[in-house]
Amino acid sequence: DSGVTQTPKHLITATGQRVTLRCSPRSGDLSVYWYQQSLDQGLQFLIQYYNGEERAKGNILERFSAQQFPDLHSELNLSSLELGDSALYFCASSVVPSGRVEGEQFFGPGTRLTVL
Amino acid sequence: KNEVEQSPQNLTAQEGEFITINCSYSVGISALHWLQQHPGGGIVSLFMLSSGKKKHGRLIATINIQEKHSSLHITASHPRDSAVYICAASDYNTDKLIFGTGTRLQVFP
Chain A
858 DSGVTQTPKH
868 LITATGQRVT
878 LRCSPRSGDL
888 SVYWYQQSLD
898 QGLQFLIQYY
908 NGEERAKGNI
918 LERFSAQQFP
928 DLHSELNLSS
938 LELGDSALYF
948 CASSVVPSGR
958 VEGEQFFGPG
968 TRLTVL
Chain B
-2 KNEVEQSPQN
8 LTAQEGEFIT
18 INCSYSVGIS
28 ALHWLQQHPG
38 GGIVSLFMLS
48 SGKKKHGRLI
58 ATINIQEKHS
68 SLHITASHPR
78 DSAVYICAAS
88 DYNTDKLIFG
98 TGTRLQVFP
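Protein sequence lines correspond, in order, to chains A and B. Following my numbering, the numbering of the first sequence begins with 858 at its first residue and continues without gaps. Following my numbering, the numbering of the second sequence begins with -2 at its first residue and continues without gaps.
FYI, nobody ran anything at the bench for these hints, they're computed from the structure. Keep in mind that this is a model prediction, so the values were computed, not measured.
With a straight-line cut-off of 20 Å between C-alpha atoms, the simulated EDC-like cross-links for lysine to aspartate or glutamate are: (1) A/914 x A/961; (2) B/51 x A/961; (3) B/52 x B/78; (4) B/51 x B/64; (5) B/52 x B/14; (6) A/914 x A/932; (7) B/50 x A/961; (8) A/914 x B/0; (9) B/51 x B/78; (10) B/65 x B/0; (11) B/65 x B/2; (12) B/52 x A/961.
Input sequences plus hints: build the corresponding full structure.
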């Protein structure tokens, strides 16, 4: 158990819908990262937050948005869902931002999103 | 050409064999991560390194900054090592992680 929790574990929804994925980082970790893993694209970095502020942005679609709240949990919002959004979404956390020596990341179990 | 390249894509080994997985990157990095993903999907961070060598049990990771190359070694491999191994580079300028495509390892008894 990494100490990072993600809810829900599984999510099945229809095209055009909107969903929210939630992540609680390890106690004491200030950085939260979101990743998408689809069959054809592999693991892709979406976005990183550090202590409530957006720190780095990857290949995140405009239909997706995220935020980190004052209690450091984070939510990833996916809207106008398409079939191609079906994937595993991972959250990870670290004490400091990823580039720093101490920035080892701890991954949550993932949320499997299926868009029908 | 991907910014992070891994080889081989697939690897099979007999229990006890010494295994090497390679990772080359073309971006400036602040750190290189090695991750392990088991068939159930869970991801575990194995190493994060910015220079030299790290060892944890039977796993060893090395990095050569000048050559932009890292290796993950598994000594005395075991069937429970069967997993996908992924290297990822922390881009020095943007701080985002860039992933390799992964190496699927199967170790047979």
